[in-house]
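Sequence order for the protein chains is G and D.
Reminder that position 277 of the first sequence reads as 277 in the numbering used here, one-by-one numbering, no gaps.
Reminder that position 7 of the second sequence reads as 7 in the numbering used here, one-by-one numbering, no gaps.
Bear in mind the hints are in silico, worked out from the structure with no lab data behind them.
Any given hint could be a false lead.
What the hints assert, rightly or not - Which stretches of chain G does chain D cover? Using the computed rule of at least three CB atoms under 8 Å from a CB of chain D, they are: (1) 174-182; (2) 329-339.
As the list claims (entries may be wrong) - Residues from chain G that face chain D, not an exhaustive set, calculated with beta carbons under 8 Å: (3) Asn168; (4) Ser170; (5) Arg225.
All values derive from a computational prediction rather than experimental measurement.
Every residue, glycine too, gets a C-beta built ideally from N, C-alpha and C.
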Amino acid sequence: MRSRVLGFVAVTFALGLAGIVGTAQTNGAQTQTPAAGPTTAARGAGPATAAKGKVPRTPWGDPDLQGVWDYRTITPLERNRELGTREFYTEAEKKALEDRAGRRMDAPPEEIRPGLNHSQWWTDPGRFVSDGYRTSLIVDPPDGRVPALTADGRARQGRGGNRNNAVNASWLDRGDQERCITYGLPSASLPTLYNNNIRIVQAPGTAVIVHEMIHEARVVPLDGRPRLNDNVRAWIGDTRGRWEGDTLVVETTNFNGKHSYRGSTTGLHLTERYTRIDEGRLELRLTVSDPTTWEKPWTVLLPMRPTEGQLLLEYACHEDNRSMFNLLEVARDAEKTGKAPSRSEPADDRQER
Amino acid sequence: MDRARVVLVTVIVALGVSSSLRAHHSFAAEFDANQPVTLKGTVVKMDWVNPHTWIHLDVKNPDGTVTRWMIEGGTPNTLVRRGFTKKSLEAGTEITIQGYRAKNGANRANGADMILPDGKRLFLGSSGTGAPKEAPEDQK
């Protein structure tokens with residue numbers, strides 16, 4: 001514990017120094033691009049960034065987006081409110097954040113002690129600020145945050161979801177991702193604790209997007225066929241794609257609403273724009289819309305780079321999901337010893353899925 | 001503390017507890033963060049299975065009996081990207097594992113880190129351990 005306290009003091013002190021440097025850099029230049037950062041044109045929230053290098057092409061002439069792409073980053077989805085509309089960290093802030101992330105990744109583990117859990121050592125969130133300096137992955141609206149909920153959206157908050165500390169009467173009490181059904185969209189497209197990679201495969205008239213977390217392979221028809229009837233619904237929706245210039249535009253609708261992202265419903269509509277900037281960079285601009293949940297759409301910019309080794313083992317989540325058996329066994333044993341009630345809540349109040 | 005420093009510290013703290021990051025299954029439902037265990041034993045086998053790896057470890061008790069433990073590790077993809085492969089941990093290897101025991105007292109634990117015979121410590125599944133890799137030039 002002592003080492004952790006000392007570490008916090010040291011980090012705070014270091015950040016304090018960094019903050020002084022940051023003050024000097026931000027005075028009168030709050031929204032200017034840091035000298036070492038990418039150009040403003042390359043970082044705005046507008047249309048897809050134009051390709052800077054020679055974009056590889058498939059034998060049939062489409063831009064070649066294929067490969068395994070890494071989108072790890074320490075930039076949060078939403079900007080800290082203290083930063084307001086400031087899109088970019090200063091050089092000092094960026095360095096402090098990346099140094100901290102690096103220490104977390106590289107330092108030998110602390111001696112085992114009560115109170116930690118696996119997330120400290122099992123994670124693979126990366127060590128770099130997105131796009132060099134970005135303060136949030138959300139680039140629209142300008143405050144870098146998910147827009148306000150509608151009244152309906154507010155009413156839906158807190159329903160369902162994963163009850164990590166509840167007694168678990170059944171696998172039905174657990175979240176969709178824990179049951180290996182789906183990580184859900186747009187979650188599977190956003191950085192998380194580990195498995196932050198996608199694979200893109202193309203054929204004439206079709207693309208496939210494979211999300212490492214937790215196993216989705218989304219087939220994207222590019223032949224102009226109409227989307228499915230409104231009555232046909234799926235966990236990860238129905239997807240259609242098209243080319244706009246060199247950008248692959250992927251629209252997903254027809255969600256069944258059983259997996260909710262922050263209260264989203266069957267009205268969820270995702271627009272993904274994948275642009276290959278050059279050999280070493282793929283950009284995703286993801287616009288999320290659900291008028292019954294948020295007051296307006298919001299857009300994420302997620303730069304990706306080729307995954308080292310291009311390795312993506314199949315992540316067949318349900319293949320050997322021992323955790324489900326184990327946690328239910330824990331719950332049953334707790335019941336036998338009288339340490340926990342036999343049910344977390346009435347069965348008819350559980351979300352049937 | 002001036003405003004810029006307040007902002008910076010706030011930003012750092014906020015990043016450290018970002019709620020948008022999540023694993024795909026619960027630690028708390030299965031393991032007890034207040035039951036850290038240190039296990040010294042012989043590797044029987046390692047299951048390279050999805051969604052998480054498992055190490056089977058024979059641990060000799062003070063009375064001479066042997067108890068078989070199962071230790072949960074990181075995802076196969078994450079381990080392989082770290083350079084930890086099927087050949088990294090052969091059966092018969094003597095290792096020490098630190099982790100957190102199952103809540104019901106079963107001989108299972110969530111592995112936090114591992115000490116190999118040569119004293120080298122490995123995290124069970126996280127990045128940046130053992131042989132930290134440099135970032136691509138354009139990411140620096």
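Verification of the hints:
1. 174-182: With 4 residues close enough to chain D, the hint holds.
2. 329-339: As far as the stretch 329-339 of chain G goes, the hint holds, because 5 residues have Cβ atoms under 8 Å from chain D.
3. Asn168: Hint on G/Asn168: holds, closest Cβ of chain D at ~6 Å, below 8 Å.
4. Ser170: With a closest approach of 13 Å, the G/Ser170 hint is violated.
5. Arg225: For G/Arg225, the interface hint is violated, since the closest Cβ of chain D sits about 33 Å away, which is over 8 Å.
Checked against the numbered hints given earlier, the structure breaks hints 4 and 5 and satisfies all the rest.
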